[in-house]
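**Q** One letter stands for each residue in the lines below.
Number of protein chains: 2
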Amino acid sequence: MNMILLFDEDYMAANEVCLRGRRLRHVLSVHRATVGHQLRVGHLGGLQGHGTITCLDDNQLKMMVQLEEPSPPPCRIELVLALPRPKVLRRTLITATTLGIKKISLINSWRVEKSFWQTPMLQPDKIQQCLIEGLEQCRDTQLPQVQTYRLFKPFVEDVLPQQLQGRCGVIAHPHVEGSEPVPCGADYVLAIGPEGGFIPYEVDLLCQQGLIPLVLSPRILKVETAVCYAVSHLTSSIL
Amino acid sequence: MNMILLFDEDYMAANEVCLRGRRLRHVLSVHRATVGHQLRVGHLGGLQGHGTITCLDDNQLKMMVQLEEPSPPPCRIELVLALPRPKVLRRTLITATTLGIKKISLINSWRVEKSFWQTPMLQPDKIQQCLIEGLEQCRDTQLPQVQTYRLFKPFVEDVLPQQLQGRCGVIAHPHVEGSEPVPCGADYVLAIGPEGGFIPYEVDLLCQQGLIPLVLSPRILKVETAVCYAVSHLTSSIL
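Each protein sequence line maps, in turn, to chains G and W. Per the working numbering, the first sequence starts with residue 1, numbered consecutively. Per the working numbering, the second sequence starts with residue 1001, numbered consecutively.
Simulated from the structure, these hints should not be mistaken for laboratory data. Take the hints with a grain of salt, since some may be wrong.
Claimed, not checked - Within a straight-line C-alpha distance of at most 20 Å, the following computed EDC-like cross-link-like pairs (lysine to aspartate or glutamate) qualify:
1) W/LYS1062 / W/GLU1016
2) W/LYS1087 / G/GLU133
3) G/LYS153 / G/GLU113
4) W/LYS1153 / W/GLU1113
5) G/LYS62 / G/GLU9
6) G/LYS87 / W/GLU1133
Produce the complete structure using the sequences and hints provided.
**A** What follows is the structure, given as structure tokens:
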């Protein structure tokens, strides 16, 4: 936790917050802070800055906060991700958030096991926990949007075209031969398949919408690694 | 496991192997393979190809193997990593291996907790397990070398200069202002600090050896993410 995220309900007055629970425990056990210490804080959806501890015991943490800095600019990549298994989903949501991604579409695909759609990890509060953890790691206050699409074809044919307006679509895919060059410096929609990859029919459908297959590496990467690797690769081309 | 890694002791004859334990269980429970099926296999340190199952029951898996393909080329980046906490170490070793890194130096740093050096994760067999898991993920047969250096200064002054011969050294560091451009297309030594980063004294010492600080992102990334992000960034510059 490189920044403590504050919510509206933490505020007792315009510049004063009171925290309990997870964040209090973290400050006690990891920061080992005391009254007078300054901590990095940010208001969800707003500015960030510092909080000065005015009261700290086993039950509560009070701070006077001063928030003046904006969050880092968002990543110019939107992610379309075949739903991974729950454990991988959790880590990938956190990682994508730390990379500054602000839109994540979780989609179905032939190789996504049906049971993955039943996981409690997809409940809004569980997803939110991952996003918060990511924001606290990377010092950001802007929550990503996460949406789920349980039907592949309707997503690709009805939702994706709108998402692609003004953006370059890319599929990170290990098995494509002769990948075209991806335009530099664009905003991107990045599609990452499931373990084992999208099936050829799915790749064809994505390519019909204008997505370009991109071979990132001669190696087969884990989903979480592939997301990070592809985002870094495309971001290098933006810079 | 996208490839089953074979060891010398698995061989019963020149082209015949017999497996038990972890790999047998994986073939039974995940591949759900039967006699006659072909599986992707590779010989540790050697070639890769296919194995055809000749016998499969709850006790053993026998295959006739045909190995003709080389592994993908190694990554042209060597990693110098401040020892992370054990859980992160495990995941980072796996990730670095899947990225094709062949040399990993685990070093001390001011912000590395002393207790991290006591973890059983540093035992050679535990490290080997991570490397094997990474190779099986990315279909590679060439084991990385992992070495540990428990004293920062002697490593930087006595070991690093040799490692830097013919290579460009880079520190992935979130807090450096005005980072110089990193030369493209080089072989690299990439240094990644602990949670919280290298302290200024350590950065100075690394810079004295010629390392260039590289600000990867305005965000603070987790160690495992930073490794992947930096490797992808430098690899994009190699391509």
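**Q** Has the given pair, G/LYS62 with G/GLU9, been kept, meaning a C-alpha gap of at most 20 Å?
**A** Holds: G/LYS62 and G/GLU9 sit about 13 Å apart, inside 20 Å.
**Q** Compare the distance between the alpha carbons of W/LYS1062 and W/GLU1016 with 20 Å, and conclude whether the hinted pair is satisfied.
**A** 7 Å, holds
**Q** Would the pair W/LYS1153 and W/GLU1113 pass a check requiring their Cα atoms to be no farther apart than 20 Å?
**A** Holds - the C-alpha atoms of W/GLU1113 and W/LYS1153 are around 17 Å apart, at most 20 Å.
**Q** Checking one constraint from the list: CA of G/LYS87 to CA of W/GLU1133, max 20 Å. Satisfied?
**A** 17 Å, holds
**Q** Taking only the CA atoms, is the gap from G/LYS153 to G/GLU113 under or equal to 20 Å?
**A** Given pair G/LYS153, G/GLU113 holds - Cα atoms ~17 Å apart, limit 20 Å.
**Q** Within 20 Å, alpha carbon to alpha carbon, are W/LYS1087 and G/GLU133?
**A** Holds - the C-alpha atoms of G/GLU133 and W/LYS1087 are around 17 Å apart, at most 20 Å.
When each numbered hint is compared with the structure, no violation occurs for any of them.
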